[in-house]
Each structure stands twice: as C-alpha cells, then as structure tokens.
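Visitor: Chains as they are written, first to last, in our numbering: chain A, 1 to 712; chain B, 713 to 1009.
Please note that the accuracy of each hint is not assured.
Chain A side only, calculated, beta carbon under 10 Å to chain B, not exhaustive [as the list claims (entries may be wrong)]:
| no. | residue |
| --- | --- |
| 1 | Leu-47 |
| 2 | Leu-85 |
| 3 | Met-106 |
| 4 | Gly-107 |
| 5 | Ala-133 |
| 6 | Thr-137 |
| 7 | Pro-149 |
| 8 | Ala-253 |
| 9 | Val-256 |
| 10 | Trp-272 |
| 11 | Arg-274 |
Below, in silico cross-link-like pairs of lysine to aspartate or glutamate (DMTMM-like), each with a Cα-Cα straight-line distance of 20 Å or less [claimed, not checked]:
| no. | chain 1 | residue 1 | chain 2 | residue 2 |
| --- | --- | --- | --- | --- |
| 12 | B | Lys-873 | A | Asp-101 |
| 13 | A | Lys-200 | A | Asp-225 |
| 14 | B | Lys-873 | B | Asp-902 |
| 15 | A | Lys-179 | A | Asp-215 |
| 16 | B | Lys-873 | A | Glu-104 |
| 17 | A | Lys-276 | A | Asp-299 |
Covered by chain B, per the in silico footprint, the following chain A stretches (three or more residues, Cβ under 8 Å) [to be verified]:
| no. | region |
| --- | --- |
| 18 | 50 to 62 |
| 19 | 165 to 175 |
| 20 | 601 to 614 |
Derived by calculation from the structure, the hints in this document are not laboratory data.
C-beta: ideal position from N, C-alpha, C; glycine also.
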Amino acid sequence: MEFGTSITPANGGDPVGLARRSEELGFDLVTFQDHPYQPRFHDTWTLLAWVAGQTERVRLAGNVLNLPLRDPALLARSAASLDLLSGGRLELALGAGGFWDAIEAMGGPRREPRAAVEATDEAIDIIRGLHHAGDPTPFRSEGTHYRVPNAQRGPLPAHHIPIWLGALGPRMLRLIGRKADGWLPSLGRVGVDGLRAGNKLIDEAAVAAGRDPADIRRLVNVTPDVPLEVLQTLEADTLILYTDDVSEMERFAREVMPVLRATNRRPTRPSWARAKRRPGIDYDGVPRSADAVEPGDIDFPRLKSTYLRGGNPGIILRPRTTAEVVEALAFARRHRTVPLGIRSGGHGVSGRSTNDGGIVLSVARLNHIEVVGDRRVRVGPGARWSDIARTLAPHGWALTSGDYGGVGVGGLTTAGGVGWFARKHGLTLDHLRSAEVVLASGQVVRVDAAHDAELFWAIRGAGANFGIVTDFEFDVDEVGDVGFGQLAVDASDPAGLLERFGAAVEAAPRELTASLIMGPPRRGAYASILAVVDSDDPETIVSLLEPLAEIAPLVDQRVVLTPYAGLMATDGNSHHDGQGEPAGRSGLIEHLTPAFTADAEELLRSGAVHFFQLRSVGGAVADVDPMATAYANRSANFSVTALGLSQRRVDAAWDRLHHHFQGTYLNFDTDRRPERLHDAWPPEHLTRLRDLKRRYDPDGVFRDNFYLGDDR
Amino acid sequence: MTDYGHDLQFGVFVTPAAQPAHHAVDLAVTADRAGLDLVTFQDHPYQPHFHDTWTLLSYAASRTSRVHVSGNVLNLPLRQPAVLARAAASLDLLSGGRFELGIGAGGFWDAIAAMGGRRLSPGQSVRALEEAITIFREIWNPAERGGVRVEGEFYQVRGAKRGPAPAHDIPIWLGAYKPRMLRLIGRKADGWLPSLGYLPGGPAELAPLNAEIDEAAAGAGRSPSAIRRLLNVGGQFSAQAQGFLNGPPDQWAEDLAGLTLEHGVSTFILAGDDAATIERYAAEVAPATRELVAAAR
C-alpha cells in the first residue's frame, strides 16, 4: 500500500514546504488539486514542476488535473518532460472537469456529462499515443473533442506514467474499467458504500474489456478524521491524506502508515507486464532496494543489451550502495538455474554482462569518483573512464584505462586494462592499491597488499570469478596534454605492414603506445593506426610518430595535442543497443615475427574475421613480476584481437595461429572452450586461482565468465 | 545612434533537449552560478526531441536561485492565454520574481496544426497575440474591479477572476521582425527579442526596425525607452580576432558595447550549450562590456 498527501496549492500558503515535509515523513506521493480559474491557487502544473525541483524521492500528481483547460497533446509532452526531469516521479491523474461556469469564463469549453466522458476517453488515447515513442509512425487522432492530425510521438517518459481518473458517474467508472490505470475519488464524496459500488462497476467493465481488474489502482482521498478501522476496510492501494496540517501528516505517518503498509500484498506491476516475466526467477522476492527492471518495464529495452551483445535477461537489478549489492547478490544466490551477469559499463566483449532469461546485476549506479589524496582516487565500478579522465584532468593526472571513454571501471580493471599509457604506465590493474569486494557469500571485505592479499592478487586479472568490487582505490599518474596521431596507411601488403608495425613500436620509447586496426585485404584497403605519445612537446610527438608513418605509404594523417580527457570524451548518456553475439578471439604475443604475420595475413584472407586489431602492451606492463598479479602473461609486446560473425569460423581460423601466442587477454575472448583458462593463466597461476576459487566461491555463484570452478 | 540607456543584462539561449534529460537544467545551473542574468529556452511543443518548455522553465527556476528565466520565445498558438497568465504569475511568485515572458505569435504552422493547434495567417496571429497580451495584463491586475472580459476575435474570456498578482511586473518581450509585430511592440510590449542570425543585413538592420518600434511607441504616447531591446547572438571564442563575436573576450565586449551604444541593445543572449563558454561569457565578456558602455555613457 502507498500513501500520499493532498496539499492545497494556495499561493498564500506554503505548499512547497508541505510537499517537502511529506517527503521527509515517508509519503510516496504528493498531490495538488487543479483549478486554473482560481486565482488564490498556484497553477498546479507549474507548482508540480517546481516541487519536482525541490524534492528527491516523492512522486507527484495533480489531484486531479483539469482536462478542459489543459490540452491533452501538450499535457502528454509536458508529462513526459516532467517525468524525465524528475527521474520518473510523475503520475497523471485527470478529471473531466466540474465548475463549468468558471472553465468557460477562462475561455474553456462547457461539456455535458456524456461529452466530458468522451473527451476524457479521447485524451487518454492521445496521451498514451504520444508517450508511445517507440512507434516511428506519427500519431493521429480524429475525435469529437480533440483532433491531433499528425503529431510526432515522444518524448519517451522515464517510466510508464499511469493515467488515473477522478470520477463519480457510472459512465466514467466504466471508462476506467476499460482504459485507465487507476481510480482516484474522495471518500467524502463517494462514501464507503459508493466506493465499494464503484469498484464493482470498474471491475465488471475491466473484465468485459478483457482486462485484469487488479491492473487498475484504487486510490482514495481521505481526511484525517477517518479512523484506522475504516481505512482498513477501503481496499485501497493508495490512501491520500487531504490536509494542510503538518501535525496531522505526522500523526498519519506515525500511526497509520506502518500498520497499513504491513498488510500490503498487492503486486506492483500490471498483469501485462507480469506476463513477460521469465521462468525460474522469484520476482516476488526481489529486494525493494534493487530497483529491479523486468522485461515488461519501460526501461527494459534500454537496459537489456550491451555494447556488442543483444540480450534478453529476466531481470536487471540496480543497486546503489554496497549494502544493496549484498542484498541483490543474496537474491541472485538463490537462483542457481539461471545465468548471472555482472555489468558495469556494459562494454565487455567476452564478459557475460547480459544473458537470456537470467539475472543481470548492474553496478552502473555505484559510480562515485573521489580524489582522496595526492594522485590517489577512489571510484565505483559503474564509473566510466570518460568521467574519471574529466575529474582527474584539472589535477594534471590521468589513469590509463582502455581506449574508449564509455567503458566502465569494474569489468576492465578486474581483468587487465590495456590502454593508451600501457607502455609508459602499465595496466589499469597495476595502479590498484585496494578494493572493497562483495564475496560470493555476501561478506564485504577490503583487500590490499596487507589484507586478504591472496584475494587482492586474484581480483587483479581474474576478478570476475571472485566477487563484485564495489570500490577501487587507484594511484594515478601525472599526465599533461598528449599527442594523438591518427594515420591511415596502405595495407596492400598485410604481412609486411604488420611486421614493420611491430618493429617500429618495439623500437619506440615508452612514451608511445599504438594500435593498428585492419580488415580483410581488398584493393585500396588501408590500415588505421592510432597512437598516443605521452608528451606535450610537438617535436617529440612528431618524432615518435614518424617511424609509424613510414611503415607503408601514408593515405591520411591527423595529429592533435589534446588532454587525455579529450581522448576519452563521449556523448555520455546513450544506451547500448547491441545485437546478436560477438565472436572474438584474443592472443598475447611477444614479437610480430614473419611466421606470425604470414599466418595473420592468411587469417585476414580467410574472410572469417572482419576486424583485426593489435594493441601495445609490453613496456611498463612487462616490468611487473608475472607472479605479482593474477594477470600473468606480461612478456608480450602486443595484444591481438579478431572479431567475426561466427564463433565456429573464427575459432577454426584463429586456432591455426594459436602456437604463436603466449596467452590470451580474457576481456577480448568470447571462446567458451575450457582451454582458454590455460591460455589466460600459466599452470602456477591456474592452480593458485582454483584453490582460491574453492575457498571464496565454493558453490560457483560467479560461474558465467571464465568459470574457474571445475577442474576441466 | 540610439542608446535607450537600459542597464545591461547577459543571458544564455540553451537547447531544451529532452535527452540527456538534465542537459538544459545543468546549463541553467551553470549560468546561475556564473552570475548571468537570464536563462532562456526556445519553445516548440510539437518537437518531441525537446522538453516542454513551460515545464523546463519551472523546473530550472526551481533548481536555480538568482538567474531569471524566460521562453525565447513561448509558442502562443499552443498555449491557452488565460491559463498561461496564471501559470506565469505562479512561476513568478514561486521563483521570487524571476520569470520574464518572452512570447511569439507562432511560426511552423504545419507543425502547430499537426498537434491540433489553430492555423492562423500572419496578420491573424499578430491580432491573436495582441488579444493575449490584453488577457495577460488583465489577469495580472487584481486591483481592477470585476472579472476579466475580453471578447476577442481569437480568444474569449468571459468573467474570469483576476489574479494572482505576480511578484514583479513581468515584462512581455516579443520575438518579431515584421512591421505589424514591431508596431505591436511599440504599442503594447516591454521588449523586443529578435535573433541576430535572422537579420540578413546584420546589426545594421537593427536601426530601421528599432525606428519602426520607436515610431509606434511615440504614436501610442509611450517613450521608446519603455521598450527593452534584447538580442540573441551566437559567437565563439578564439585567440585572434576573426570577425564579429569571433575572437578573444575583449573583442566580444567591444562588439557588444557597439550594439548597445549604436542600437540600444541592452540584453545579450548567447546561444550555445557549452558550459565553459557560458562561464567565460559571464566572467570575461559581461563585465568588460559593462565597463565599456559605462565609460561611453
């Protein structure tokens, strides 16, 4: 059961203060009546938007909005806007109008009861139609009262905005049963018997329209004098306390709400949303703190897929704090038969951060970034590298990450982190000083070199098997502006090009970190070389890039001096819309020998891969003792990646190159055959990791991302 | 040379993008913190990539503390004038007198009609706007006795109650380029709000249009200085002077001060969605322009 307040929007009173107080007292909803002809009241829409800016959590609604003076098409857009601005906190409650003299005096229409019902019916269609932004066709409606000849749909609200109606007459009640999401009468107007009769009428109309009556929320405005025993008999889903007296609000919050909340057993989602639920998931047992998104929810299409992978999970859990991660993980632990994906930024190639019918535990909201000392930061797993780069830039600092700012911290750091300062400053995980980890058991530990040192070792390279990191503490480097070169070179001789690229990069000082991308050989094909020079001296930048520009005829070039944050900058808010399954393989290699480059050329000619990339490692990465972290294969100078459309074809082609490699970089490998564990970790590492897996995750809670549990 | 002697104000013209949802609000907060005078948003209720501008203005005002807000300009054809008048008074009361009413007669009639709005000819739309201005001022004037009665060609108000009185005397600024609108400004409005980019002749074109307004004002027994001249401008900062509002802040200040001293423009509204540019405009251009104008006056 939920609770609201109905506050008089008097412009001589303090409705904003009362709304804030309602929020503090734990009410779920704040409402204001709407009489646009009444000069002693604020305009209710303006007040709702203002109050949205002054509150954080409480939801907002008119009680009820005056439809004759509010055009439904404009109202639909306004409602979507306010829902977006308030983070999904707007609900729509509409009234067909009363006080017709006053409405007409303002220039509004006068409607007979039957016409008022018709107009409301049309308005519901218009509002729903415009909110249906996923439909690319224009919205058209030719009603008796409203005409919308050809409107573009949108914006898409932040949540499914319900439409409740304040209504008394039987025609209106039947309309609710047919179409609306809720009924919002005042107990003082309908009485207890009228409420019961109205609910019956609504239920009958709902059933006749093929709807589940439980999909229609029953809200009731009540005055403070209604005794608890009566409130308990109302069968209401939401009680809205009609008062401007703070002491009455406080009394209600203290004495009435806890008693009634305890009896709430009503599902919060309508039947059509529940119908999209997947088997094997205890939806009724989801912790409230998880702020779960289910397949029937409006946000689901924005969250189901990742950057490269189409997904269709059964539920997405979105905790905000470590304690909520613990609760969400406890829920996941009870579900051994469905996949479990842990998602930070959702950019993983190999990672299983979405799935089909399983649980996704998204840590995107644990995205804090805090400078805690000299070249020392703490960041959440959901923070993205663009935001970290921007935060560090004013200090003259940077933390090497991947090569794209939209990537999240958690998945990248726990496996490696091969980025633009790899040769100069090492891997991202080489900068990790401590971490807070939620273990499979739900226990929360802070690990560093002196505390749970074995676990600290394991999460640096095999993190996905051991827990969910909720806080990373990093040392960062002093980095000024850098040189960024983008070269396009002729790729008609793939093998020769690769060999010369390898030699040039190995011979370059560590200030240079480079990558090369190419596709299948074709007439006129070129390779794209991207390189960062960690220097703000133009002469140094040019002198380090020149050898790369000489490995093949230059087709195009661009060199800029930019802050690292500029390289990481992204457009920010876009959601992922990946499709299908990526087929990717990875190998770590010391030198691009003629034997390797000839085989690589054959791979490119096979047509099995459409994307082939080399990235620098080596340098500072190789300075670290291979036994120091779970990330093991540090002698390599290059990380090689290929992507294709068919895992089978990619595997067949790639396996022929396997003997050239000294390991694999897990984050870029989608092959699920167990041999990949032996590529990722040499025997000593693997044995140690399996021992640790038995100790920290004996039941295999974390089993969907290169599972170390079975000795295969 | 016409300088109406108004104090100088500096504002921004921010895209009311619906995604990211807080884009425009964040920039309004930036402008507020930077000490600018005004944040404005265009209003195209038929455009679903934008927020509803009234909702955004109300929310942005709620999230800021000093800066004033205005539509630039509000779309009258899709907004009911009597309801808008009370909403404006509400927002002015809630924000402590920080609302200004920039409004236009409408354009994009196809899109307005596609939303169910009424299609008007240019002449009709000016007459409709004039009726709306009368309604606004009547609603905002509770001192008068009796209800508001406007039997217009386009809007009818038949005895609506007056009030509430706004927190301050809300100025009505009109976006306008054509003679009928300019004459309406001279007779009835408190400000003129064109975009420099829509004046094919550049700043020089301000002179004849100002003259049209001044003449209409004089004809209505009003002083031309009762009408503030605002201007939407675009520009970019660069190290070297490269053209009008394209150069270092000092050059911007000279360009803007020239518009004040020659054409009486006193509110400069910078179009753009870049926080760093907004901060620089507030910190470097606004004070330098004020100094130049003060020295010349």
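Visitor: Determine for every hint whether it applies to the structure shown.
Guide: Hints, verified against the model:
Given hint, Leu-47(A) at the interface with chain B, holds; its Cβ is 6 Å from that chain's nearest Cβ, closer than 10 Å. Satisfaction of the interface hint for Leu-85(A) is found here, the shortest Cβ-Cβ separation to chain B being roughly 5 Å, below the 10 Å cut-off. A hinted interface residue such as Met-106(A) counts as satisfied when its beta carbon comes closer than 10 Å to some beta carbon of chain B; here the least separation is about 4 Å, so the hint holds. With its C-beta approaching chain B no nearer than about 5 Å, Gly-107(A) sits inside the 10 Å limit, and its interface hint holds.
For Ala-133(A), the suggested interface contact is upheld, since its CB lies about 7 Å from the closest CB of chain B, less than 10 Å. For the restraint placing Thr-137(A) at the interface with chain B, the shortest Cβ-Cβ distance is roughly 13 Å, beyond the 10 Å limit, so the hint is violated. Hint status for Pro-149(A): holds, given a least beta-carbon distance of 5 Å to chain B, under 10 Å. The closest approach between the C-beta of Ala-253(A) and any C-beta of chain B is roughly 24 Å, which is over the 10 Å cut-off, so the hint fails.
For Val-256(A), the interface hint is violated, since its Cβ never comes within 10 Å of a Cβ in chain B; the closest pair sits about 30 Å apart. The beta carbon of Trp-272(A) is not positioned within 10 Å of any beta carbon in chain B (closest approach about 24 Å), and the interface hint is therefore violated. The interface hint given for Arg-274(A) is broken, as the beta carbon of that residue sits about 28 Å from the closest beta carbon of chain B, more than 10 Å. For the proposed pair Lys-873(B) and Asp-101(A), the alpha carbon gap of about 11 Å is at most 20 Å, so the pair holds.
Of the pairs offered as hints, the one joining Lys-200(A) and Asp-225(A) is violated, with about 26 Å between alpha carbons and a cut-off of 20 Å exceeded. Restraint check for Lys-873(B) and Asp-902(B): not satisfied, since their Cα atoms lie roughly 24 Å apart, outside the 20 Å limit. With a C-alpha separation of about 10 Å, the suggested pair Lys-179(A) and Asp-215(A) falls inside the 20 Å cut-off, and the hint holds. For the suggested pair Lys-873(B) and Glu-104(A), the alpha carbons sit about 12 Å apart, so the restraint of at most 20 Å is met.
For the hint linking Lys-276(A) to Asp-299(A), the alpha-carbon distance of about 14 Å falls within 20 Å, and the restraint holds. Using a Cβ-Cβ cut-off of 8 Å, 5 residues of the region 50 to 62 of chain A lie near chain B, which meets the minimum of three, so the contact claim holds. Figure legend: the region 165 to 175 of chain A, annotated as covered by chain B; annotation inconsistent (0 residues with Cβ-Cβ distances under 8 Å, at least 3 required). Counting residues of the region 601 to 614 of chain A whose beta carbon lies closer than 8 Å to any beta carbon of chain B gives 0, which falls short of the minimum of three for the stated coverage.
The structure does not agree with the numbered hints 6, 8, 9, 10, 11, 13, 14, 19 and 20 stated previously, though it agrees with the rest.
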